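Undergrad: Position in the sequence shown (first residue = 1) + 4 = the numbering used here.
FYI, nobody ran anything at the bench for these hints, they're computed from the structure.
All figures in this text were calculated on a predicted structure; none of them were measured in a lab.
One or more hints might be untrue.
[Unchecked claim] Label-pair ranges, simulated between beta-carbon atoms:
1) 190 to 429: 52 to 58 angstroms
2) 61 to 314: 18 to 24 angstroms
3) 464 to 314: 22 to 28 angstroms
4) 283 to 359: 35 to 41 angstroms
5) 58 to 97: 21 to 27 angstroms
6) 290 to 51: 52 to 58 angstroms
For glycine and all other residues, C-beta sits at the position ideal for the given N, C-alpha and C.
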Amino acid sequence: MASILVVGSGATGVHFAQSILERGHDVTLLDVGFERPLPPQPAASFAALKEELDDDGAYFLGRRGEAVVYPSAHAKPYGFPPSKAYVFRRSPGEEVVERGFHPMLSYARGGLAEAWTGGSYELRDEEFGDFPFDGDAMRPHYATVARRIGVTGAPDDLQRYSPLTAPYLAPLEPDAHSAWLAERYSQRRDRINALGFHLGRSRVAVLSRDHGGRQACGELGRCLWGCPRGALYRPSLTLAELLTHPRFTYRPGVHVRRVLLDAQNRALGVVAVPVDGGSETEIRSERVFLAAGALASSQIYLETLVARGETDPSLPGLMDNRHVMVPFVNLRRLGARVETASYQFHMLAMAIDTGDWRHDVHGQITALKAAAVHPIVAPLPFDLATSQRVFRRMRAALGVANVWLSDTRREVNRARLEQRVGSAPKLVLEYGDDAHDLRQTERAVDTTRRALRELGCIAPKGMVQVLARGSSVHYAGTLPMTGDELEHSCRVDGSVRGMSGLHVVDGAGFPWLPAKNITFSLMANAVRIAELVG
Numbered sequence: 005m006a007s008i009l010v011v012g013s014g015a016t017g018v019h020f021a022q023s024i025l026e027r028g029h030d031v032t033l034l035d036v037g038f039e040r041p042l043p044p045q046p047a048a049s050f051a052a053l054k055e056e057l058d059d060d061g062a063y064f065l066g067r068r069g070e071a072v073v074y075p076s077a078h079a080k081p082y083g084f085p086p087s088k089a090y091v092f093r094r095s096p097g098e099e100v101v102e103r104g105f106h107p108m109l110s111y112a113r114g115g116l117a118e119a120w121t122g123g124s125y126e127l128r129d130e131e132f133g134d135f136p137f138d139g140d141a142m143r144p145h146y147a148t149v150a151r152r153i154g155v156t157g158a159p160d161d162l163q164r165y166s167p168l169t170a171p172y173l174a175p176l177e178p179d180a181h182s183a184w185l186a187e188r189y190s191q192r193r194d195r196i197n198a199l200g201f202h203l204g205r206s207r208v209a210v211l212s213r214d215h216g217g218r219q220a221c222g223e224l225g226r227c228l229w230g231c232p233r234g235a236l237y238r239p240s241l242t243l244a245e246l247l248t249h250p251r252f253t254y255r256p257g258v259h260v261r262r263v264l265l266d267a268q269n270r271a272l273g274v275v276a277v278p279v280d281g282g283s284e285t286e287i288r289s290e291r292v293f294l295a296a297g298a299l300a301s302s303q304i305y306l307e308t309l310v311a312r313g314e315t316d317p318s319l320p321g322l323m324d325n326r327h328v329m330v331p332f333v334n335l336r337r338l339g340a341r342v343e344t345a346s347y348q349f350h351m352l353a354m355a356i357d358t359g360d361w362r363h364d365v366h367g368q369i370t371a372l373k374a375a376a377v378h379p380i381v382a383p384l385p386f387d388l389a390t391s392q393r394v395f396r397r398m399r400a401a402l403g404v405a406n407v408w409l410s411d412t413r414r415e416v417n418r419a420r421l422e423q424r425v426g427s428a429p430k431l432v433l434e435y436g437d438d439a440h441d442l443r444q445t446e447r448a449v450d451t452t453r454r455a456l457r458e459l460g461c462i463a464p465k466g467m468v469q470v471l472a473r474g475s476s477v478h479y480a481g482t483l484p485m486t487g488d489e490l491e492h493s494c495r496v497d498g499s500v501r502g503m504s505g506l507h508v509v510d511g512a513g514f515p516w517l518p519a520k521n522i523t524f525s526l527m528a529n530a531v532r533i534a535e536l537v538g
């Protein structure tokens with residue numbers, strides 16, 4: 005029987021497992037565990053790869069063209085390529101009812117962070133206001149995670165919004181467009197800051213030097229399709245390290261349905277089914293730690309409640325960041341030379357000071373470099389040949405600001421189950437008040453567009469996309485950590501109230517969702533919990 009049973013190999017699961025192993029425990033990690041395909045030609049650049057592959061169209065767009073983005077009012081300027089399909093592959097028979105909420109789920113080794121763009125931001129002290137612990141309780145664990153994975157960052161105007169207390173690596177050399185924007189900002193800082201807008205370098209989990217057996221960024225331009233050097237962190241890299249530990253057991257191909265409880269509501273292990281088919285089986289342990297991601301952990305918990313006799317249980321408080329995409333054109337870079345030899349994702353980050361820390365806005369700015377260009381070319385109002393000529397002149401001038409707003413727990417947004425005869429229940433995700441932050445969203449978009457204008461860019465209002473709920477991939481709030489004795493909640497160590505031996509270590513336990521990307525905070529919190537329970 006396992007001492008510690010961890011469910012899920014995502015960002016929280018692997019870092020909790022690593023920390024609890026360091027404290028001398030035996031750990032078994034259960035996972036569906038769809039695997040990443042090996043990247044082809046690992047030394048080739050983006051440009052070289054197109055020449056060296058036998059069928060470059062299949063690699064970049066899919067054998068059936070499944071990654072082609074067709075023109076529409078809602079088409080994104082970029083999407084996920086075929087090489088990331090494993091991240092979003094659903095476990096067989098798994099269905100989700102979406103009502104005002106369109107999530108991304110992952111059953112891959114490494115979870116959703118396998119498709120992460122690396123944004124790693126510490127929460128500031130006031131952002132722990134709803135947590136049952138303060139910022140000082142998290143700072144050492146940000147440092148632990150930063151040492152493990154490698155995070156780049158440097159002092160700048162964002163420090164008051166995203167502290168730099170962990171040991172950060174030197175940032176990568178910026179691409180020409182990002183460097184131009186940063187220089188323009190330094191020249192017009194006072195005017196732009198007067199808008200409440202602040203710009204700085206992204207804090208990114210990408211290596212600027214070799215670290216822990218991984219190679220530094222080689223500027224291959226292949227980030228979107230999957231870094232072949234291990235420079236851009238993904239949790240499956242940590243899982244590979246764990247596999248060498250003598251006290252660690254990894255069991256892929258297992259889909260956990262619920263926690264096994266005794267009559268006193270003590271966790272005895274889990275009930276799981278094989279991914280490739282078969283009957284339920286019990287896997288026993290002394291303690292169970294849910295790290296399957298906020299949505300999957302919520303489903304496991306709900307099915308546990310049904311198994312012990314509860315009827316139609318529901319978890320209010322589902323949270324998700326409002327996500328807005330603001331494309332822009334830098335007029336002063338029209339016709340500039342295109343450089344694909346660079347880190348491809350965001351190199352700049354932004355913050356909008358609203359005067360209330362709960363509503364401050366976070367964003368990341370990405371300059372277009374090596375990417376799938378057809379989603380941009382196809383909607384242009386010209387014939388294809390003309391559109392291609394126009395795009396070539398515009399390419400080095402294009403970028404997008406991804407903007408996120410914070411979210412709070414509200415009763416109307418919830419996770420629950422829909423029972424089915426003869427098969428597993430469906431997870432129902434309901435987001436019932438999508439319009440609650442429209443005014444804040446409009447203000448954030450307006451401020452971003454005005455700041456971009458000060459930077460010499462135009463961001464046409466008609467191209468702004470307010471994405472559907474669930475698109476942020478930052479989910480939280482269904483089993484919140486709190487000092488209050490509330491039903492369906494967790495204590496400071498992630499232990500679930502009303503049960504013993506069951507802990508939540510992923511985003512389900514976050515009682516508030518800041519605007520900034522939370523993956524770094526999720527990993528640090530998992531390390532914090534491991535220290536408390538170990």
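Undergrad: All the hints need checking, so say for each whether the structure fits it.
TA: Hint check results:
no. : hint                           : result
1   : 190 to 429: 52 to 58 angstroms : holds, 55 angstroms
2   : 61 to 314: 18 to 24 angstroms  : violated, 52 angstroms
3   : 464 to 314: 22 to 28 angstroms : violated, 51 angstroms
4   : 283 to 359: 35 to 41 angstroms : violated, 58 angstroms
5   : 58 to 97: 21 to 27 angstroms   : violated, 35 angstroms
6   : 290 to 51: 52 to 58 angstroms  : holds, 53 angstroms
Comparing the model with each numbered hint stated earlier shows that hints 2, 3, 4, 5 do not hold.
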